[in-house]
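In order, the protein sequences belong to chains A and B. Per this note's numbering, the very first residue in the first sequence carries number 2; after that it's consecutive. Per this note's numbering, the very first residue in the second sequence carries number 1164; after that it's consecutive.
No wet-lab data here; the hints were simulated from the structure. These figures come from a predicted structure and were not determined experimentally. Among the hints, a few may not be true.
[As the list claims (entries may be wrong)] In silico SDA-like links for lysine to any residue, alpha-carbon gap of 25 Å or less:
id : chain 1 : residue 1 : chain 2 : residue 2
1  : A       : 171       : A       : 197
2  : B       : 1195      : A       : 124
3  : B       : 1195      : A       : 34
4  : A       : 171       : B       : 1165
5  : A       : 454       : A       : 444
6  : B       : 1195      : A       : 444
Letter by letter, the chains look like this.
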Amino acid sequence: MAYKYYKDNRAFIEACVKTGDAVVINEEVDWDLEMGAIVRRTCEKKGPAVLFKNIKDYPGFECVGAPIATYRRLAIAFGLDPDTPIPEISKEYLRRTTGKSYPPKVITNAPCQEVILQGDDANILNLPAPMVHDGDGGRYIGTWQFVVAKDLDTPFINWGMYRQMAFDEKTMAGPVLPFSDMGKMWHNKYQPKNIPMPFAVVVNPDPLSAIASCAPAQIAEDEFTSQLMGEPVEIVKCVTCDLYVPAHAEIIIEGVLVPNVTIDEAPFGEYTGYRTSPREPRTAYYVKAITMRKQPIMAMSNMGVPTDEGQLLRSFSLGLEMDKMLRDQGIPITGVHMLPESTHHLTVVGVKPAYPNIATQIGQLVFGSKLGPWFHMVVVVDEKTNIYDKDELIHALCTKCHPVNGIRVEPFGVGTPLNPFATPAERRLGVAGKVIFDCTFPLDWEASDIPIKVSFDNVYPKDIQEKVLAKWKTYGFKE
Amino acid sequence: MAEWDTYINVNFKDMPEEIEQVTVIRDLTPGKYKYRSTYAKIIVSKDPEKYPEKVWVRLGRGQLIPTPCSMKILEFVNIIPKGL
Ligand SMILES: Cc1cc2nc3c(=O)[nH]c(=O)nc-3n(C[C@H](O)[C@H](O)[C@H](O)COP(=O)(O)O)c2cc1C
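Just need the whole structure built from these sequences, with the hints factored in.
This is how it looks when you write it as structure tokens:
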């Protein structure tokens, strides 16, 4: 049965406007930094998304900024009440992604192909790609988009959100990291054989397809999207190749990745809140066609200091995919939460400490998984600590984690070139140190040695707690 | 005189001058084509008057050098193979 969801990002933004979670700007705005500055500020204030109706130099186009940079908008994307608490949104994600999966449904006459441009008309400088931050290496056409590609020798299809810079009329460039799904296809298969790899970039997709494309899904993202929707996602065949794209997206850019040619890309404001990776030769995308809706809507995610989509959505799905993996392994966890403010570098795992060194085992499992390159801090707390409460987390970290015995350092892990803390050599190699913070009391301590947590719900008898709670307002307190 | 910018991955004091080099330059002419990039064979000088084109220099992470340089564009270079 289909869940409540939005078939396209237009309907989603309309819903956000109704709840006060998006604002519409009718005044003309400049694609050159002004739009970026507006979106950056709203991200830093955890404010609403923005729909720009009137873009300088680009009549006929609109642009949406910061589509899902808050948990409220994430809840709306799932068809939930915007006030839904994080644990409930997480439950919904887990429920849907462990439910029935469906192959996608192919349709014809798709909205994303209302306009078809080929040859010289397929000119990406005719799209209102924003100059997101001053100093960026170019205008970024791909910040809220994903790349569709097919493996060379298996039926595997990948949808992955990998950024793209507009280079000239026909070329884009972007990092395709070697451990990403498309990176494995491209760097290990197509490129060594000198075969151009067809791609389709889906700009401004519906919210659930976008969430799937930046989640570390264990199955192909078109099926994963269908799981999130509770029915098959509608796709349409590209005009220049055999790839299929979500039919209700706003703009599609089709072409080929160019083997053994690189183009200088970046710097770019990244999800860590810094411009870390320098200008470097990166993967080249050659454009053959652009298809789009009439009156198409561009999209921008503005990465920088928290909170943007890169931090919020990646924290959300990385944490929950870790949750599934740890439960599959039979670890008695109570939950996993990644803090967006940590730029998805810190993950909190709640566990019933069933045997000694369970925290180390958890850390090693998650660092050793496919998800491992994206974070380097795991904090393990006991089952009584609320993993969603930052105050409880800091308290546990500062009181239960032994500064020598409780911290396990693994100097040699897989990292990304984007880690601001990494040495220049580590960034070049894509390696990173990892650290586990064990915030559970050791199991071999005598009961009489274990400190007692002095909190309202731990050091008062139940009947006193209930009495105080029942009379709280009559004592004169407001909340 | 058009205005351009370019990125260097070394410190400004070590920027190669007075030699032919192939690099990316960006056109800063306002409008839809602002920031259009192209590979080009150029010669750069820190003397802003020496060559006909004005070029601003940015370091690898986007830091702008506050005074412009000048350059001569010898030729534009297409690095994408034909017939894709
Ligand atoms: C806004 C945004 C931009 C991203 N840009 C990149 C990128 O340029 N390169 C990259 O490898 N991953 C990038 N990511 C992370 C990938 O989307 C993420 O790893 C995703 O799970 C793709 O995974 P896969 O390669 O395992 O399919 C980005 C994520 C977001 C939310």
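Structure-based check of all given hints:
1. 171/A with 197/A: Holds - the C-alpha atoms of residue 197/A and residue 171/A are around 15 Å apart, at most 25 Å.
2. 1195/B with 124/A: Satisfied, since the Cα-Cα distance of roughly 11 Å is no more than 25 Å.
3. 1195/B with 34/A: Satisfied, since the Cα-Cα distance of roughly 13 Å is no more than 25 Å.
4. 171/A with 1165/B: holds, 22 Å
5. 454/A with 444/A: holds, 16 Å
6. 1195/B with 444/A: violated, 65 Å
Consistency with the previously given hints fails for number 6 only.
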